[in-house]
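Start from chain F and add chains P, B and G according to the hints.
Number of protein chains: 4
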Amino acid sequence: MSTYTHKVQYYETDRMGITHHSNYIRWMEEARTDFLDKIGFNYAEMEAKGLSSPVIGVKCDYKASTTFDDIVEIKAYVLSCTSAKFVVGYDMKKDDKVVFTGESTHCFLDTNGKIIRLQKELPNFYDILCKNQQENAI
Amino acid sequence: MSTYTHKVQYYETDRMGITHHSNYIRWMEEARTDFLDKIGFNYAEMEAKGLSSPVIGVKCDYKASTTFDDIVEIKAYVLSCTSAKFVVGYDMKKDDKVVFTGESTHCFLDTNGKIIRLQKELPNFYDILCKNQQENAI
Amino acid sequence: MSTYTHKVQYYETDRMGITHHSNYIRWMEEARTDFLDKIGFNYAEMEAKGLSSPVIGVKCDYKASTTFDDIVEIKAYVLSCTSAKFVVGYDMKKDDKVVFTGESTHCFLDTNGKIIRLQKELPNFYDILCKNQQENAI
Amino acid sequence: MSTYTHKVQYYETDRMGITHHSNYIRWMEEARTDFLDKIGFNYAEMEAKGLSSPVIGVKCDYKASTTFDDIVEIKAYVLSCTSAKFVVGYDMKKDDKVVFTGESTHCFLDTNGKIIRLQKELPNFYDILCKNQQENAI
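Residue numbers (this note's numbering), protein chains in the order written: chain F, 5 to 142; chain P, 5 to 142; chain B, 5 to 142; chain G, 5 to 142.
Since the hints were made in silico from the structure, they are not lab data.
Predicted model, so just to flag it, every value in this text is computed and none were measured.
Don't take each hint at face value.
It does not matter which identical chain is meant; a pair holds if it fits inside one copy or across any two.
List time: in silico DSS-like cross-link candidates among lysine-lysine, alpha-carbon distance up to 25 Å [as the list claims (entries may be wrong)]:
hint, residue 1, residue 2
1, K79, K42
2, K53, K135
3, K63, K98
4, K89, K101
Only chain F is shown next, with the shape it has when bound in the complex:
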C-alpha cells in the first residue's frame, strides 16, 4: 500500500461547485503510478521495455464531494492478483473522512499486444503485487 496526495485544482471542478467525477479516475492513475514506482516498477521504464498495461475495468463509489484547494489522501493497494490480471483498490480521504472508494482492473501486454502471464513472464512483479495484496485500506 502507498499513500499519495493530490491537491484539487480549479480546472478539476465543475459548475456544481465540486470536483467533476471523471477526475477521480485520473487520480486513481496518479496513485497507481506512484504505487508501482514505490514497489520498484516505474511505469515509464516498463513501457520503455515494450510492456503496456491497459485498463480493463473501473468501479467508482463517490461517498462525499471534494472541491478546489482540498487535499485528498489516496491509498492504493492490490485487491487481487491472478496470472492474467490484477486489481488495484483505492481509498480516498479528505480530513480523515472517506470521500471515494474505487478499483481498477489491469492486464499487461507485450510488444505484440499479447497478454502476459504475470506469474511466468514477470515473476518478480507478480510476487511483489501478491505481497501487497490486502482487502481494504480504511
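Just chains P, B and G now, kept in the frame of chain F:
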C-alpha cells in the same frame, strides 16, 4: 434509449496511442445529457430550477480500444429506477463492434442538498425514466 | 474557412459556473482537425504517413464566457502560411456574439522529427493553405 | 516569484507520445494558484469573499516537448500590474532546459461581476503584485 455520436478527439488520446480510459466517463455524461434532453428533461433547465444530480457510482468495462478520428456510437438507456436513485446504462460501439459498456448511478438533490423522492416529487420524470427502462442495448 | 459547432459539456465547466478557459484550446484543435479534413487533409491519415504537427504557439483572447449546453460556432481559417510554419485563426461565437478569438502556430515534422519545408515537400497542402488564407472571420 | 513542481501524468500525454499542449494552460493555473497562495492570497478564500478572477487572455510558447513521468519546474511571477488587470508570466523547465514560456492576463470581479480597481479596492493585493513584478524568470 437514445443514440449519441462522439468523434474521438486528438486530446482524448494518450501515449499508448488509444483513447485514455478516463474519457469514456465524460462520453457517458455527454450521452446521458443528450438522452435526458430527448426525453424532455434538459439538465440545464433542471439546474435552473435548483435541482442537481450528483453521480453516486460508475462502472466501466473496456472491451476494445478506440483512437483519434474514430466515430463512437453510444446508446444510453435506463437500467433501473427506484424512488431514490436511477441507473443509466451505456453501450458504445465502433463499426458495430462493442468497445465499451458501463453504467452510472444518480440521485437528485433539491436546493438544500436533500435527496428528492423521484416518484413523489418528480413524478413525470420518474414515469418517463421507468418507461425507458431496459436490460441492455446491444 | 470552415465552420464547426461544439456543444459545451458539463465536464467542461468549472466552479465559476462557466467553461474553464483551458477547453477553448481543445475546441481550437477540434475545429482545426475538422478544417484540415474539409480541405482534404485528414490528420489521422497524415499521421499514418509518418507526419506529425506539433503546436508551437497559442494565443487566446476570452471575450465573453460560455457555459454548459451553449452552442459555440467556431470558424477556423489560415491566418498566415510560410514554408516552415502556418498559423490558424479561430473565431468563436455564441448566438452571433463573439466569445473568443485565438490563433495557433504549427509546423510539420517528418518521421525523423525534422521540420518539413511545406512549399517543397507538401506543395499541395501548402497551396491549399495559402488559398484559405484570410485576415479574420468575423 | 514562486517555484512550483508538476509531475507529468499519463493522462496528460497524447498519441504523439508527448504532453498534450492544452495541459500547459492547466499547469499555469496550478502554478498561479500556488504563487498567489504563497504571497498571502489563497484563491479559495478570495472566492469565499465573493471575488472571482476570470482569465482574459493567454499566450503560450512551446519550446520543447515533455512527457509522462517528467518533472516540470514552473516559475510564476508578475509580468505587469495595472489597476484593472495583471499579467502573470510562466517559465517551465525540465532538467534546466526551458520547455515552455507563457503568460496569462486576469482581472478581478466583485460579487456583481463588476471589474475591481485593484489599487483602490484591493490595495494590499495590488502592492504585493507590484513588488513581485519582474521581466522574466529565466
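Hints, one by one, checked against the model:
1. K79 / K42: For K79 and K42, the Cα distance is within 25 Å only inside one copy (13 Å; across copies 28 Å).
2. K53 / K135: within (24 Å within a copy, 46 Å between copies)
3. K63 / K98: Answer is both; intra-copy 20 Å and inter-copy 23 Å each pass.
4. K89 / K101: between (30 Å within a copy, 23 Å between copies)
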